[in-house]
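Engineer: The listed protein sequences correspond, in order, to chains A and B.
Just so we're aligned: 301 in numbering that gives the first Met the number 0 is position 302 of the first sequence, and the numbers increase by one with no gaps anywhere.
Just so we're aligned: 74 in numbering that gives the first Met the number 0 is position 75 of the second sequence, and the numbers increase by one with no gaps anywhere.
These are computed hints drawn from the structure, not numbers from a lab.
Be careful, since some hints might not be right.
Across the chosen pairs, the derived CB separations fall in these ranges [as the list claims (entries may be wrong)]:
hint, chain 1, residue 1, chain 2, residue 2, range
1, A, F424, B, L20, 33 to 39 Å
2, B, L20, A, E248, 47 to 53 Å
3, B, G23, A, E419, 45 to 51 Å
4, A, P280, B, Y16, 51 to 57 Å
5, A, E248, B, Q40, 58 to 64 Å
One-sided excerpt, in silico: chain A residues whose CB lies under 8 Å from chain B [what the hints assert, rightly or not]:
hint, residue
6, V255
7, I257
8, V303
9, F424
10, P426
11, P429
12, D432
13, K434
14, W438
15, A460
Every residue gets a Cβ at the ideal spot worked out from N, C-alpha and C, and that includes glycine.
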Amino acid sequence: MSYRQVTLSRRQLLKTGAGLSASTLFFSPLSANTVDTQAHIVIMGGGASGMAMANRLASRLRGGKITLIEPRETHHYQPGWTMVASGVWNNPDKTMRPNAQFVPQGITWVREYAAGVDAENRLVELANGEVLSYDYLIVATGIQLNYHLIEGMSPDLVGQHGIGSVYASIEAASRTRQAIKTWVDSGGGKGIFTAAPTPVKCAGAPLKMTFTTLSHLEDSGRREAFDVDYMTPGTGLFSQPWVDDFVRERFTQQNVNIRHQFRLSAVDPQAKQAEFTFVGPESEFTSHHELRAAEYQREGLSTVVSDYDFLHVVPPMSAHDFIKQSDLIAQEGPYRGEWIDVDIHTLQHKRYPEVFGIGDVIGAPINKTAASVKAQAPIVEENLIAVMQGQEPPARHRGYTSCPLITGIGKAMLVEFGYEDDFAFMPSFPFIDPKDESWAVWVMKDRMLQPAYYAVLEGQA
Amino acid sequence: MTFYGALTILMYAIAPYAWWLVAGAVFLVILHIVAYLRGYQITHYRCNGALIVSGLVGLSAIAWIPMMTNSQLSYIATASDWVALISGVVGIFILAYLLLHPASYLVREKT
């Protein structure tokens, strides 16, 4: 895998711009009130949330030891994958940067996969057999894509036989783009877009892929020659009620056939056929929080088999298996067996107070976006430091999440909302209405959110 | 967001275009210095042609700014969209004028 070096990095710019360099002296984050400690803090995962926490804690703590467990050398800007898959960004390398650019000085970077957690004894096991002990643990391990729960499906199939899936990898996003182009160029046929029976990262991505593909179909001048289905296991299309109604109305206007309570259960790539299982109103799948292995094994459920020319697969998702097998996993409630058991406001583990969760791995009704990390990171920082000082966690996360919902290539809505008042809007900018489709929001998604994301990684936003 | 945070975002945003921006700024400064050394003063020299062409370049930006952002004019819908677009148009007009005005002086002086 390669990535293109940017001609002038942010850090280089800060060094070369005399005036700006002077600004950095005056506004250095190192001047924030630091805390003395002798504790060993282990951060599992170097994605958006783990890297943001590494930078924040490296700035706040003096003494002690911070260990970041992250095996990958490359950091992926995953919110850019929909832009690649939809053909807006022609250069996939734009989404990649070396992790070394973001890992702060003074911490220990362990380039190894985590393989287990023994929360009772405060131990983390690595894939190479080593064991790390910790005083405090931040779990930021992200999400596991469970393509194997769809019979016949594998991420290797993406880009072949009309199959696309934006989630699998940046390479898969590029191959998805090619699969969509092949379908559009064919001049007609049926496309099926799916949603997963579990919480997913970037819950807007399945909708964005549908909307951007509709733009391509309309631009082809032969929209009427294409059938588009949207198959979803739940009764809704989006968590936020106003946006749910909006998407439903827009899909109807754009002749998208919506079918509820169907999950993608099998794929026959050679025959270009997809099997959908009717999960029914009594199914736990219809609660978008839940994934039950038993439901996958239920027999006698009605299924439909549909031919397709293009199929966008959204796999079921969960915490990684080694997390699911650990003491950290929720043992009751809607997240049991699948996500870690944190207080959704303090982000502290409910049974192990020295453990905090952040990012996609936590059990929460919404919040699996990079924007959520921006809101969660300062909460975890403040609460962890309070706990280290023997205090109760003072900061509360209100569930802020954000989805720049692309409703067509060239326009988007800045949908920001939180836990409270039935996922009420939480707009950041008074001059942007979350209910409006907007070019300015599109430009923000296209040009500004990636810089903002990197600022989050550096603990600066 | 802190000042340093805003600066970080700005730096990442302009990093891919940094050399183009620097080269453009250097070219503009050199152009003005050369024109100034030959008697050009921005407040005293009149050139309606430069003004009109700059205006047309600015107005044309209404069409090509959305295209450059993978969008289209029909998607400029909200007040924020129009404010952003008009700001872009005004910026392009000023830039074109700062380029064409001294350039026209140098061309006239030569002829």
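Engineer: The structure should be examined with respect to each hint, and the outcome stated for every one.
Structural biologist: Structure-based check of all given hints:
{"no.": "1", "hint": "A:F424 <-> B:L20: 33 to 39 Å", "result": "holds, 36 Å"}
{"no.": "2", "hint": "B:L20 <-> A:E248: 47 to 53 Å", "result": "violated, 43 Å"}
{"no.": "3", "hint": "B:G23 <-> A:E419: 45 to 51 Å", "result": "holds, 47 Å"}
{"no.": "4", "hint": "A:P280 <-> B:Y16: 51 to 57 Å", "result": "holds, 53 Å"}
{"no.": "5", "hint": "A:E248 <-> B:Q40: 58 to 64 Å", "result": "holds, 60 Å"}
{"no.": "6", "hint": "V255", "result": "violated, 20 Å"}
{"no.": "7", "hint": "I257", "result": "violated, 24 Å"}
{"no.": "8", "hint": "V303", "result": "violated, 37 Å"}
{"no.": "9", "hint": "F424", "result": "violated, 16 Å"}
{"no.": "10", "hint": "P426", "result": "violated, 12 Å"}
{"no.": "11", "hint": "P429", "result": "violated, 10 Å"}
{"no.": "12", "hint": "D432", "result": "holds, 7 Å"}
{"no.": "13", "hint": "K434", "result": "violated, 10 Å"}
{"no.": "14", "hint": "W438", "result": "holds, 5 Å"}
{"no.": "15", "hint": "A460", "result": "holds, 4 Å"}
When held up to the earlier numbered hints, the structure conflicts with 2, 6, 7, 8, 9, 10, 11 and 13 and fits the remainder.
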